[in-house]
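**Student:** Start from the sequences and build out the full structure, keeping to the hints where you can.
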Amino acid sequence: MYIHNLKTPSFSSSSSSSSSSASPLLGHSSSFSFSFSSSSLSLHVYSQEHDGCAPLWETLAQLYNEADEPNKCLEAASTAVRIEPKSCTAQVVYARACRNVGLLKESVGAYALALALHPPNKEGTEEERREAVELLEQEMAIRVGLPSLRIGQSFAELKGKHVVELGSGTGIVGLTAAALGAHVLLTDLPDAIPSLKRNINRNREIITSASGAAVTQVVDWHRDFKMLGAMGKEEGHTTLHWVLAADLVYQVSQAPIVAALLGFLAEQHPHSRILLAHKHRQDCVDEALMAAFQQHGLEAKPILDEKGSAWHQMSASISIYELKHTT
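In the numbering used here, the protein residues as written are 1 to 327.
Check the hints yourself; a few may be wrong.
What the hints assert, rightly or not - With a cut-off of at most 20 Å between alpha-carbon atoms, the simulated SDA-like pairs for lysine to any residue come out as follows:
| no. | residue 1 | residue 2 |
| --- | --- | --- |
| 1 | K122 | C88 |
| 2 | K301 | S317 |
| 3 | K279 | A260 |
| 4 | K301 | F264 |
| 5 | K197 | H222 |
| 6 | K105 | G160 |
| 7 | K105 | A210 |
| 8 | K159 | S209 |
| 9 | K159 | T208 |
| 10 | K324 | G297 |
| 11 | K279 | A291 |
| 12 | K226 | A210 |
| 13 | K226 | R273 |
| 14 | K324 | F264 |
| 15 | K279 | E299 |
| 16 | K324 | P270 |
Unchecked claim - Simulated restraints on C-beta separations:
| no. | residue 1 | residue 2 | range |
| --- | --- | --- | --- |
| 17 | K197 | K122 | 18 to 26 Å |
| 18 | L135 | T239 | 17 to 25 Å |
| 19 | M227 | R281 | 39 to 47 Å |
Quick caveat, the hints were computed from the structure, so don't treat them as lab data. Cβ atoms here follow ideal geometry from the backbone N, Cα and C, with glycine treated the same way.
**Tutor:** Here's what the structure looks like:
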């Protein structure tokens, strides 16, 4: 479990032993030397009597965290957010509590809400959000069986969308999209389909839990252009949302057919996003691919990362392009 230290309030008082110096939250004591457990219990009782006070529940959540009771921490933090959903502090406390019990998607969402509410420590909150995002990426990569990957979490963009992967191979791209909630058709030649089906079955649980779907279909680029162009329309969908392809061109001879196919799909599905990941092996192959794109009226625009730099600058051997018609 990933533990983040929440700032715990310190309770102190003057040395006076009169009843007026007793803490209204914790009870009377001359030394105010309370354990986290007794403090949490006293504050819990007081919070029950003052259910509408979000700061009390925030403090209680912090105390439960220090007492290593993550589930009670989450319960208290959830109550604080329910009372004051527009409280930046409550959202941050809730985000940390979610992260500590492994609810990483909820944690990332709460951090985003907190940032939208302009927290006083914006840089610190953003740093915590990035850490939660990284943990979520690692968790997803482990669940699909490739722990060295870092899988970006564009949930809003993929969830419920209709996706086609071209030349799926083992299916890692399409299966990842399905694990993020997309409805994916993984396509390849007949020899690849049995392996694709096995990989879908192995990842069925994670796909289902994300409300995604994955099916396979044999597609030969040389003869199945029309079938790909009609995809989505035949199923009653208004559009095909995404076309994904990775490492399709590693010989000069492959560039024209890939460019022709992607150009055809861009024409048939003008509102779809078409992404191609390309591994740079030889200059002659890269030049042939770019020339073929131009011939078919396609612009290959490098995808940028969150810092505004192109992905291929991070890995000199790989570029990710978004393809669009130039007209």
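**Student:** Which hints, by number, does the structure contradict?
**Tutor:** Numbers 5, 12, 17, 18 and 19, in rising order.
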